[in-house]
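Residue numbers (our numbering), protein chains in the order written: chain H, 1 to 249; chain Z, 1 to 249.
Read the hints as simulated data drawn from the structure, not as lab findings.
Everything numeric in this text was worked out from a predicted model, so none of it was measured.
All C-beta atoms, glycine included, are put in the ideal place defined by N, C-alpha and C.
Any given hint might turn out to be false.
Calculated cross-link-like contacts (lysine to aspartate or glutamate; reagent style DMTMM-like; alpha-carbon spacing at most 25 Å) [claimed, not checked]: (1) K245/H to E143/Z; (2) K154/H to E173/Z; (3) K71/Z to E143/H; (4) K46/Z to E136/H; (5) K58/Z to E136/H; (6) K154/H to E132/Z; (7) K154/Z to D89/H; (8) K245/H to E132/Z; (9) K245/Z to E132/H; (10) K154/H to E92/Z; (11) K46/Z to E143/H; (12) K154/H to E136/Z; (13) K245/Z to E235/H; (14) K154/Z to D240/H; (15) K52/Z to E92/Z; (16) K154/Z to E214/H; (17) K46/H to E136/Z; (18) K245/Z to E136/H; (19) K154/H to D89/Z; (20) K71/Z to D240/H; (21) K71/H to E143/Z; (22) K154/Z to E225/H; (23) K154/H to E128/Z; (24) K245/H to D89/Z; (25) K46/H to E65/H.
These stretches of chain H come out as covered by chain Z in the derived footprint (C-beta under 8 Å, 3 or more residues) [stated by the list, open to error]: (26) 90–96; (27) 99–113; (28) 145–156; (29) 162–170.
Protein chains: 2
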Amino acid sequence: MTQARVITPLFEDFAKVEHHHQLACQSCALYRLCLPLGLHRDDLSKLDQIIKRSAGFKRHQILFEPASTFKTIFVVRSGSFKTTISAADGREQVTSFYFPGEFIGMDAIYQQRYLSTARALEASSICELPYERLQEFSATIPELQNQLMTRLSKEMSADKNLLLSLGKKTAQEKLISFLLSLSQRFSERGYSALSFQLTMSRGDIANHLGLAIETVSRLFTQLQEQQLLTTQGKEVTILDLPALKQRCG
Amino acid sequence: MTQARVITPLFEDFAKVEHHHQLACQSCALYRLCLPLGLHRDDLSKLDQIIKRSAGFKRHQILFEPASTFKTIFVVRSGSFKTTISAADGREQVTSFYFPGEFIGMDAIYQQRYLSTARALEASSICELPYERLQEFSATIPELQNQLMTRLSKEMSADKNLLLSLGKKTAQEKLISFLLSLSQRFSERGYSALSFQLTMSRGDIANHLGLAIETVSRLFTQLQEQQLLTTQGKEVTILDLPALKQRCG
DNA sequence: ACATTTTATTGACCTGGATCAATGCCGAAA
DNA sequence: TTTCGGCATTGATCCAGGTCAATAAAATGT
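Model the full structure from these sequences, guided by the hints.
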């Protein structure tokens, strides 16, 4: 709870955006993490004009589903999202979590329709990038094209690392790898690397890592007993980062 | 063995390439599956000039490793490859298999170095696409840029589907899904969808699917007992495709 | 503030697939 | 054609993590 207070200010920065939908990229708190990074001033203002800043999403609200046709890549502006992919019989796999500055929906470019379902994990807002316009712009702005390819490639790298986790790691290694990846991403966003709020449920984490909820719960208990971290509900505080890094495989 | 004879002709088409390294894309047997698809005649000949057709790779030969710096995207011309990603302690996960017309190394764009190791599964050959030149060309050939993004997105889709397999499917469902994906890809390449040679070992399959070799072996036996397919060593013949599709989850 | 629902924890027990251990098979080298 | 070394198959046993069941503790709505 003490930590929640530390985190609040920046979340509020992002949240303010909801009251200024047409806030320019240049003055966005996410600038250095987001698509426009490295673009020239005038290219940026062109880009600015095609970006639609969308109104807020409520917890559990759906951003897109496999049914919907692909037109847009989404960038998280505030809050967080998860994507899930479904088997024919309804079993779901949580494929990724997305935080401010991250792109959602890039797997839809091939096939021109979304492969997964994206849902808000909390009150969140996004920017919409119309993919066709983005493509047009890319022709004249090489740096934009480069950014898009890099983003695709980055998500692919993350997916391949998750494949390694799911295929070869023990339950404890999976959870530790996951927490370290969150820690890394939070710290890139200016939050503490050692203490953060999980915006997803235990169920989401378990599903994402191919584990049962009960196993995740027991692992948290176990990691606390080993003095590696502490939890209070959704808050995680890392006590021994080096030890965790050493145990993630 | 009878089937091997059916398959041979096309493999030979691809193999001939090794004796004509500078064969133009326009006359390549893979044209309709490959990057140049949809490019105009003159754009294509420009692209042709930057592509290096490489000499043959032997079975187990390494195409690239994580140490090597990224300069090139590879396209399989004949044969097949696997990529593996390693944990700190040496455990490896086979992340993908690649067949003619498929792109290897796209996860290296972000970070500008290869994340994985790529090895030939059999005698194989490739085309090298220098990434920087490709980027330059993309600026003037929108269709090329589109093709690249689509390829990235396609591999990402495949990875997400594998995540679903690894995270939520039973051993049998994993193997069936894998075989159906191979069947699909072989048929796209003009081979039989119902009878094909596995170019990878049981060990590679097991590793890829997060299973033990013994489990894969038992599953093949089991699927044969259920009259769903037959195997003779590396050759698989699907007997009941609808039943398999129904059992893959 | 209270009731209701959802989410998390903990314990007892079970099982799918891993591991260990032979044995069989096939292809390359001589 | 024989021998050798890596693959593949099959059986016996084991265990990490799943499932089932009961609380407990948060969220959420009224």
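A quick look at each hint next to the structure:
1. For the hint linking K245/H to E143/Z, the alpha-carbon distance of about 43 Å lies beyond 25 Å, and the restraint is violated.
2. Restraint check: the Cα-Cα separation between K154/H and E173/Z comes to about 29 Å, which exceeds 25 Å; the hinted pair is violated.
3. For the hint linking K71/Z to E143/H, the alpha-carbon distance of about 18 Å falls within 25 Å, and the restraint holds.
4. A threshold of 25 Å between alpha carbons decides the hint, and for K46/Z with E136/H the separation of about 22 Å falls inside it, so the pair holds.
5. Restraint check for K58/Z and E136/H: the C-alpha separation of about 42 Å exceeds 25 Å, so the hint is violated.
6. Straight-line distance between C-alpha atoms of K154/H and E132/Z comes to about 18 Å, which keeps the hinted pair within the 25 Å bound.
7. Restraint check for K154/Z and D89/H: the C-alpha separation of about 23 Å stays at or below 25 Å, so the hint holds.
8. Restraint check: the Cα-Cα separation between K245/H and E132/Z comes to about 35 Å, which exceeds 25 Å; the hinted pair is violated.
9. Restraint check for K245/Z and E132/H: the C-alpha separation of about 35 Å exceeds 25 Å, so the hint is violated.
10. Taken as a hint, the K154/H and E92/Z pair is honoured in the structure, with Cα atoms around 20 Å apart against an allowance of 25 Å.
11. Straight-line distance between C-alpha atoms of K46/Z and E143/H comes to about 22 Å, which keeps the hinted pair within the 25 Å bound.
12. Restraint check for K154/H and E136/Z: the C-alpha separation of about 21 Å stays at or below 25 Å, so the hint holds.
13. For a cut-off of 25 Å, the pair hint linking K245/Z to E235/H is broken: about 43 Å separates their Cα positions.
14. For the suggested pair K154/Z and D240/H, the alpha carbons sit about 39 Å apart, so the restraint of at most 25 Å is broken.
15. Distance restraint check for K52/Z and E92/Z: the Cα-Cα separation of roughly 30 Å exceeds the 25 Å cut-off, and the hinted pair is therefore not satisfied.
16. Taking the CA atoms of K154/Z and E214/H, the gap is about 34 Å. The hint is violated against a cut of 25 Å.
17. For a cut-off of 25 Å, the pair hint linking K46/H to E136/Z stands: about 22 Å separates their Cα positions.
18. Between K245/Z and E136/H, the direct Cα distance comes to roughly 40 Å. Violation of the 25 Å bound is thereby established for this hinted pair.
19. Proximity of K154/H to D89/Z is assessed by CA-CA distance (about 23 Å); at most 25 Å being required, the pair is judged to hold.
20. Taking the CA atoms of K71/Z and D240/H, the gap is about 38 Å. The hint is violated against a cut of 25 Å.
21. Distance restraint check for K71/H and E143/Z: the Cα-Cα separation of roughly 18 Å lies within the 25 Å cut-off, and the hinted pair is therefore satisfied.
22. Taking the CA atoms of K154/Z and E225/H, the gap is near 43 Å; set against the 25 Å cutoff, the hint is violated.
23. Only pairs whose Cα atoms come within 25 Å are accepted, and K154/H paired with E128/Z is accepted, the gap being roughly 22 Å.
24. Among the hinted pairs, K245/H with D89/Z is consistent with the structure: their alpha-carbon atoms are about 12 Å apart, no more than 25 Å.
25. For a cut-off of 25 Å, the pair hint linking K46/H to E65/H is broken: about 29 Å separates their Cα positions.
26. For the segment 90–96 of chain H, the stated coverage by chain Z holds: 4 residues have a C-beta nearer than 8 Å to a C-beta of that chain, and at least 3 were required.
27. Restraint check on the segment 99–113 of chain H versus chain Z: 6 residues with Cβ-Cβ distances below 8 Å, three needed, restraint holds.
28. Beta-carbon proximity to chain Z at under 8 Å applies to 11 residues in the segment 145–156 of chain H; the threshold of 3 is reached and the given coverage holds.
29. Counting residues of the segment 162–170 of chain H whose C-beta sits closer than 8 Å to any C-beta of chain Z gives 7, which meets the bar of three, so the coverage hint holds.
When held up to the earlier numbered hints, the structure conflicts with 1, 2, 5, 8, 9, 13, 14, 15, 16, 18, 20, 22 and 25 and fits the remainder.
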